[in-house]
Amino acid sequence: GESVGLHLPTLSVQEGDNSIINCAYSNSASDYFIWYKQESGKGPQFIIDIRSNMDKRQGQRVTVLLNKTVKHLSLQIAATQPGDSAVYFCAENYGGSQGNLIFGKGTKLSVKP
Amino acid sequence: KAGVTQTPRYLIKTRGQQVTLSCSPISGHRSVSWYQQTPGQGLQFLFEYFSETQRNKGNFPGRFSGRQFSNSRSEMNVSTLELGDSALYLCASSFHMNTEAFFGQGTRLTVV
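From first to last, the protein sequence lines stand for chains A and B.
For the first sequence, position 82 matches number 98 in my numbering, and the numbering has no gaps at all.
For the second sequence, position 84 matches number 1472 in my numbering, and the numbering has no gaps at all.
There's no promise every hint is true.
[Unchecked claim] Only pairs whose alpha carbons sit at most 20 Å apart, straight line, appear in this in silico DMTMM-like list of lysine to aspartate or glutamate:
{"hint": "1", "chain 1": "A", "residue 1": "Lys58", "chain 2": "A", "residue 2": "Asp100"}
{"hint": "2", "chain 1": "A", "residue 1": "Lys58", "chain 2": "B", "residue 2": "Glu1470"}
{"hint": "3", "chain 1": "A", "residue 1": "Lys87", "chain 2": "A", "residue 2": "Asp100"}
{"hint": "4", "chain 1": "A", "residue 1": "Lys84", "chain 2": "A", "residue 2": "Asp47"}
{"hint": "5", "chain 1": "A", "residue 1": "Lys72", "chain 2": "B", "residue 2": "Glu1440"}
{"hint": "6", "chain 1": "A", "residue 1": "Lys121", "chain 2": "A", "residue 2": "Glu55"}
Hints were generated in silico from the structure; no laboratory data involved.
Model the full assembly from the supplied sequences, consistent with the hints where possible.
See the structure below:
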């Protein structure tokens, strides 16, 4: 079946550096993508989303890039802080319903002070 | 504004038993979805409810069921528990099916 995967299961960065978390998706019909952050003991927290008619979207310290040609999604975090340490998931969806998401396995981001 | 509330937070059950988990969505939200999270399979969609009707269903056996009440609160039930059902069960609510989903902290179910 269709799946969403991640290139890197773990990522360790120095505080203040930029982080890039990658994700591959296989369903070419997917038209909506979301990045979630999950801290230990908590549920996933929405970070940023992007629709398939866009290739870039910026938020506060975060940028999501979408490359539909190679079915690739990335999350860039600028000036990474210790509070950014968490597991990051990408999720895809088609059909508009945000309650029916296909999640990737997750990348653990560890920020060294 | 209170977030999504899931009860109980932790639960230990024996194989063969059944369990009911509860989710109270954010006030005003009418869509509730359930996910199972395990280290091996990650986050997997169980089902989605909107206006008391199941709108979407994931690829889980019939032992997994759910429902939504008129106040949008939702419950999910797992019957004849198996060891492999041990997981974090997450509930997410949204105002409508195509708006941002907010997750609760989950219910940690351990089957022994």
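Proposed proximity, glutamate 1470 of chain B with lysine 58 of chain A (alpha carbon, max 20 Å):
Answer violated: lysine 58 of chain A to glutamate 1470 of chain B is near 24 Å, above 20 Å.
Measure nothing beyond the straight line between the CA atoms of lysine 87 of chain A and aspartate 100 of chain A; if it is 20 Å or shorter, mark the hint as holding.
Outside the cut-off at roughly 26 Å; violated.
Going straight from one Cα to the other, do lysine 84 of chain A and aspartate 47 of chain A come out at no more than 20 Å?
Satisfied, since the Cα-Cα distance of roughly 10 Å is no more than 20 Å.
Can you confirm whether the C-alpha distance between lysine 72 of chain A and glutamate 1440 of chain B stays at or below 20 Å?
With Cα atoms ~36 Å apart, lysine 72 of chain A and glutamate 1440 of chain B exceed 20 Å; violated.
Measure nothing beyond the straight line between the CA atoms of lysine 121 of chain A and glutamate 55 of chain A; if it is 20 Å or shorter, mark the hint as holding.
Satisfied, since the Cα-Cα distance of roughly 15 Å is no more than 20 Å.
Straight-line alpha-carbon gap lysine 58 of chain A to aspartate 100 of chain A, limit 20 Å:
holds, 14 Å
Comparing the model with each earlier hint shows violations of hints 2, 3 and 5; every other hint is respected.
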